[in-house]
Amino acid sequence: MTEHSEVLNQGETHAAHVHRDDEGSKMAMWLFLFTELLLFGGLFLLYGAYRFEYADGFKVAAAEMNSFIGAVNTIILLTSSLSVALSIAAMQRNQKKLALAMLWFTILCGIGFLINKYFEWSHEIHNGVYPGGPGLENMSNGEVLYFGLYYVMTGLHGLHVIIGLIFISFIMVFIARDKITSTNFQKLENAGLYWHLVDVIWIFLFPLFYLLH
Amino acid sequence: MANGSLANEVSYLEYEGKHKGIMGWLLSVDHKRIGLMYLMGIMIFFFVAMTLGVLMRLEMLTPGETIMKPSTYNSVFTLHGVIMVFLFIIPAIPAVFGNFMLPIQIGAKDVAFPRLNLFSWYLYMAGAILAIVSLFVGGGAADTGWTFYVPYSIRSAQNVTMTTMAAFVLGFSSIVTGLNFVVTIHRLRAPGMTWFRMPLFVWGLYATSWIQVLATPVIGITLALIMLERFMGIGVFDPALGGDPILYQHLFWIYSHPAVYIMILPAMGVVSEILPTFARKDIFGYKQIAISSLGIALIGYLVWGHHMFVSGMSDTSRIVFSLLTFLVAIPTGVKIFNWVATLYKGSIKFSAPLYYVLGFIFIFSIGGLTGLVLGALATDIHVTDTYFVVAHFHYVMFGGMGIMFFATMHYWFPKVFGKMYNEKLAVIACTVIIIGFNLLYFPFFIMGYMGMPRRYYDYLPQFQGWHILSTVGSWILVSGIVFMFGNLLYALLRGPKASMNPWGGTTLEWKVPSPPPLENFDEIPIVTGGPYVHDKSTYIMHPSKEGINANGAVKTVNQEAAL
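The listed protein sequences derive, respectively, from chains A and B.
Final position of the first sequence in the working numbering is 213; the numbers increase by one with none missing.
Final position of the second sequence in the working numbering is 1563; the numbers increase by one with none missing.
Hints in this document: simulated from the structure, not taken from any laboratory.
Note that the Cβ used here is the ideal one computed from N, Cα and C, for glycine as well.
All the pointers check out, no bait thrown in.
Reference excerpt, derived from the structure (chain A facing chain B, CB under 10 Å, subset only):
| no. | residue |
| --- | --- |
| 1 | SER25 |
| 2 | ALA28 |
| 3 | GLU36 |
| 4 | ALA49 |
| 5 | TYR151 |
Pair ranges (Cβ atoms, derived):
| no. | chain 1 | residue 1 | chain 2 | residue 2 | range |
| --- | --- | --- | --- | --- | --- |
| 6 | A | PRO207 | B | ILE1291 | 32 to 42 Å |
| 7 | A | LYS26 | B | SER1314 | 38 to 48 Å |
| 8 | B | GLU1065 | A | ASN66 | 54 to 64 Å |
Modelling step: build the complete structure from the supplied sequences, incorporating the hints.
Written out as structure tokens, the structure reads:
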């Protein structure tokens, strides 16, 4: 794993194992997920405060959202969470091909989500509804803040989808090269955990921005 | 690399791995080398920020313009704050000595994620370079104060974006270090090292790391929002678009108040290391000190509102925040009393680290008690945004963390570098530093109480006497600090070799050679007792040679065969 554990392996006989700690690795991933939750937590706090302050403006703005696209995206992400979980199960049963196929499916779902998001954003931007855009000029403060938060929160979430896709792509390379096996799959599980987090955050974003009006 | 035994025959300073020379450091994943690389960076930025501080004091020598214009003064106090807080105070003890000592003190060969550890150093340097570059590009250095309060930070024409970006990157570095330490402490303790046998420095780091992990993301998103506001005008903090600047203050202090405990808890941990060593006595109230670290971390998370008593909050929240603030004083008091009780009937050996600790206890008590003046609603209104706050802050931060950083450097200097410094000169430097410190900052309390507002380059003539006293104090303090570093630098180059355990310390780092070998231990030791037991050794350093297995029991023939 590191320079000196190699030294260990070659030199010392009584401690001849590569330092590998799946529990530690999983713990680090969970801690990292806490930090992600708190990162979004700041934004949810702002959302809560402004929803309370500008209840009417938020209702008006939320009514303009296309909840159909939002619902489709929710289904896509939930399905991709299932497929990433199945991929871990397949890996545990040493079914490398199935695990890879499941990850391919996850990646397709992620890309599908982003394409939907792209059309949704470009539609709004086309209408001038973006920070500083002409569409916001005649809107109340509550609506302006709603769209400000909408772009920041879904944008940050979209960024996490992209990071998750990159993460999963690396994992697929590891699987293809047999760096991840049925006895050593903690990296895959960590990628799965990350992807579930991306999913969970969306599950909160969807009702807050699309359904509450 | 081919010869495995080489790793433990030479010290980490001399070891040559895959890479030679400077790359042997820049690409090293050894926690000790990374600790020293942090030390290099931190020292440089400390001197930059200290110079800025001295320039500010010089400006305040006379009323009106002395050496700089008001706008320059604004940039100088902003950068002094940003560099000191984000580049020195937060990372200094955890990133330098935490990295170096944590694995050794718990009997591990390295931290849990050595490569992540190196990555966090690069993040630190990237953030630092951004902060320095922001001085020279764009509309000039940020002039908002280190708190980046909106709406000014959104409107300022100066280069605020890059400075906040720097703080953002540094926060990421801090999170990575914290995460690494939490996992290290959970997973890599040597056999027999139960939670209540860990050295108290490790407890301090553990509490700190949790705050780093749980609080820093909040400042990350807050600073990111400032950048977005500046680029795009999303409106969440901009009153013109309906945003609420008070919410910014909440989000900022949700991180930045716990951050002051990130700064002080490791320093308190070192106090608990130095006292038992030089009092030749077990620490008084080990468990209470350990638990109080967690207590401070926990309550400290919930007191941020006391920075905003005059910003506009309901009376109910003010009373709640004030009460919680008073509660933080309890675990802090527990620590102070336990430290003093440790000295009681000890066989005290006065030495430079101990002098610093005694100075710390004196200064930190003043800083802590004046914190209660600020935590009380009525008195806070009188002294808000005056020099009183600045004095309190410097007493707890510089007097607390800064003085303890100096103590730490002396205490672990022989271990880290394998050299001894001149004791007499170190004590003289310590005395000069403590005198200069009090002369510099104590007048701030008096001026603040009389109404001198903070962050102005100018003042009424009636304050001049105190300002002169304070500026003279800054010269004394700086000469003490330069003298101290000179002494250490001389020791580094010409000092006599240090023995394995020059102070008679009882924790694991004193059981390995000075400087430690690359892998710290020939084999992972077994721990059989508490960390500060002076009359017998509580560590079995070579379990296999002594024929003892990981449970501390003598190995049977069968077990040996199984191995």
